[in-house]
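Listed in order, the protein sequences are those of chains A and B.
1 is the number of the first residue of the first sequence in the numbering used here; add one for each residue after it.
422 is the number of the first residue of the second sequence in the numbering used here; add one for each residue after it.
One or more of the hints may lead you astray.
[What the hints assert, rightly or not] Derived DSBU-like pairs: lysine-lysine, alpha-carbon spacing no greater than 35 angstroms straight-line: (1) B/701 / A/314; (2) B/992 / B/982; (3) A/147 / A/355; (4) A/147 / B/766; (5) A/355 / B/701; (6) A/200 / B/701; (7) A/314 / A/147.
[Unchecked claim] Between beta-carbon pairs, the in silico distance windows are: (8) B/733 / A/297: 31 to 39 angstroms; (9) B/912 / A/101: 30 to 38 angstroms; (10) B/573 / A/271: 47 to 55 angstroms; (11) B/571 / A/318: 56 to 64 angstroms.
Worth flagging that the hints you see were computed from the coordinates, not collected in a lab.
Cβ atoms here follow ideal geometry from the backbone N, Cα and C, with glycine treated the same way.
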Amino acid sequence: MASSDILKDIAALRQRISSSPIPGSPSSPSSRARHHHHQQHASDPPVVLDIGAREIRAGIAGQPGPVCVVPVVDDVVRASMRQGGDGEVDVDVALWPLDVRCAGSEERTRDVLQVLLARVYYNHLLLDGRSRKVVVLERPRTPIWIKRAIAFVLFNYLQAVSVSFLLSPVCSVIAAGTHSALVVDIGWHETTVTPIYDYKPILIGIRSSTRSASHLHSLVSAALKEYTGTAPSFDEVEDFIVRAAYLPSDLSSSSSSSSSSSSAFAISIGTTPHYVPSIDTRCLPVQTCFLTPSSLDDIEHQPLPSLIASSLSKLPIDARASLQQRIIFVGGAAAIPGLKPAVLNHLRDHFPGAKGIKSLGAWAGASLYLACEREQQMLARGAAGAAGGRSIRIPGEIERDRFLLERGYAENIYDWSHPNS
Amino acid sequence: MPSYPSLRIHCPCAEPADEADAFEQPADDATKLSTDLSSSAGNALTLPPTLTSPLALHLLDSLYFCHFCKALRCERCVVEEIVQAFCPTCLHIYPDTRKTANVYCTRNCLQCPLCFTALVMFAKADDEIYMQCPHCAWDSRSSGEVVFRKTTSLYTQLRALSLSSSANDDGSVFTADDGDEEEEEEPAKTSGSKPISAAAQFDALTALYRDIYSTDSPSASIKSSPLLPGRSVARSLETTKFLKSYYRSQSPTPSSPSPRVNPDTVLNALGRAGSVSREKAAASERRMREQLVLELDQDEEEAEIARMQGLSSLAQTVSLAQRRAQPVECAAVSTPSRLRPLPTKLRTRRSKRCRACRHILVRPEVTSTVKGGGGSKSVTTPTLSTSFRISLLSRNYIPTIRATHLAGAGAAAGSSPYKSGFVPHTTYTFALTVFNPLVEPIKATMASPPQTPRGRHSVTLLAPSFDVGGNADEEDWDLQAILDLRMRFAAYRTGGGGMGPGLVSGGGVFARGRNWTSVFVEVVPAEAEGEIEIPLFVSVEYEIDAEKEEGEGRGQKEKEKQEMAFWSVLKLGMCRGRAI
């Protein structure tokens, strides 16, 4: 038998079995009961996944925080990916590259996602994929192939009952306790400013800049290399940023005084200890990355204050008034102490009324929304006297059977700017 | 990283299902193989496109074999189901985790927040109970907040501690402006110096949203209006103003008795008393909906910046992994002294099913002991057992293939080309040994492209097709024969390539044993840097006795031919590139 026949058989078999719902096989007499069992469980709170380029937050709706935050690239994933080809550094450390035209990135994303989500489900959540619905957070400008890869992994490898996508900035707004806000998401590849008014994104105001955590990483890495003479590894630089980077409000004045600029900070690269100047490695890169305008700026590389200002100026005037008083910072790099007040201070040159508000984050917002939604539906159903077992409906959910059977359905559901029939 | 040489098997589940007709494409010369396979119907073998994809290649020990589909299953094409959850420290078994959503051990197992080792509990005579880490000597008394009262149920004590500490901060969550104060849209400021924990804020927000958006609550400020029947929707005041003006512009016919839509009627419909002024109503409504909005606390940030300025080494900070592992109920931890012990995450035992036919491939055994006196008092407690009731591993169905370096540069000298690298344009001879796990003798056929797709190293299989004996006995491998084989390898090497005593000459076969056969393979690396990967197609044929039905009564046993095939990649080592 030629191998092509074998492979075709397997492909045909996959097509056949993946398109049929869970059949009862002769070796498992309780399969029918299990089918019902899983349908009952579809009314349990869904699993909320926030899949970012560098980490996956996963947990169950209704809880205040995710059960686990799994970094996308760690030793195991890196070892399994290193067997084969060569890749650029960016591909190795993030789930998808910034330039999404890279060939083969969809397969690679899909493969890495499958490894990670299997680990999330079986090691952290302790759930079977098919016991609960899944809600995935996405951004308004997430490329469609990323959503397609996520849905593919969830439906094919994890047998999720249904998958829905919620907008992450809207969930951040819910978690802040308000209905409109300007969400500044400082992520790995890019920083995105999304105005949300009345829980809806204002599309003309969405702005992005490449001044993000990856840019900060390269600046800090260069600074550390300059002052220690050795090249620190990727993880060491990330560790340094997370633990030690900050931005004092009076950076320019303190750098002029000699005592604080030469204060040494002890780090260790590999096993050798080094001493690096504190201001130059911890504060200056943050300022250069996010605040300092440079002559090489283009519209994709604006510093944060002018990014927010350009977004606000695109908005209609009444939205601008209420949004500038509600600015939310989310994202990994937003936790750097001092970054938020510094950005707001710079922003107040253009918009004097700018204020920032706190948010619990997109994951918590989705959990909040789904918990309240579920309660609402339970209450409504309870009042109507229907028997338990019917699952709750999440708006815009993609169901597994329709996804696997209808080709056209699967292709059209991702683009939420087109209403589907 | 496994050491060289290693054979990894390619699982076809990595092939995209909707590109099945891609296999029909004519491949270029490098990938077309000569059709010397006896069983092929004239089709040329083509390399699967994902042969070199790292996640599609698996070691034999990590593969399963579906007996019913007669196919390999890798860890990606099995469906896993959780059978049991257990704590890795105390080995206590937890019932179904799906319903309870409990992922932690609820007994006395806690982990060190710095190094994640299991903590050891110490109970002193003066009722002081604390925990210490045996690896990094972290002490639970270092933060001063964690106090244990009794020696059991440490997890519940810890959780009560976290929740109570967040509740203490809850009292100072917000100071809502009173209704008759200024009407600015000012979000409430945080008061108090303690940071509010995320869990407390989450609970407060849940209560607020539930209150605002519930259809039954009398305090709902936004009720469904006759303009918009159905579920109550939350709209900002700007939207309601727009809607009002829109409906106002639709002037009613003079004969219509319905009341005109004007601001007062709308406000009445929205539940406002007509006498309350509009601005006050709007302001109080806005304030009520946003009562939990917290402004960015400048003091908190300043305090954090001051703390960061005072740091002088990385050791005084908390790493990201440590920070993430802290429970959500506590406030964000930034100093190592405030770290708390962590609950232990449970682990799972899973059963695996074939994705195609849904038969069980691996099922762990679930045992339980029945304790207690007879009658109605017997208690069944599950015990942790490590055995498997069903386990269909590939190792028991598919031949194990091993490669040994026989001749070539450095073989006689004892230095292994695996470590020093392969020199181009030198002929290396390997012995591929095929061990047959089946009871029946098999006929193995191997095929490989004459030039590897990457690097264009040339490969010659001297014995494309050969027989391997069956494993009639219960023992797995004939250990004596393996030792014998090693001696033969050594003899071959020192003998400089000639055939030693007892070797089978001709046909490319190096040696034969009870259930194994060793054949020659020659590799000539080209001048390409990188790993030498040889795609190898292995096809195995054997005959089994077909089961006859009872009614036949013929007495003849028909032999049924079975066939299995898979692709694999033999990784030999690094090639040096230019000949130095």
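Could you tell me which of the numbered hints above are not met by this structure, giving the numbers in increasing order? 9, 10
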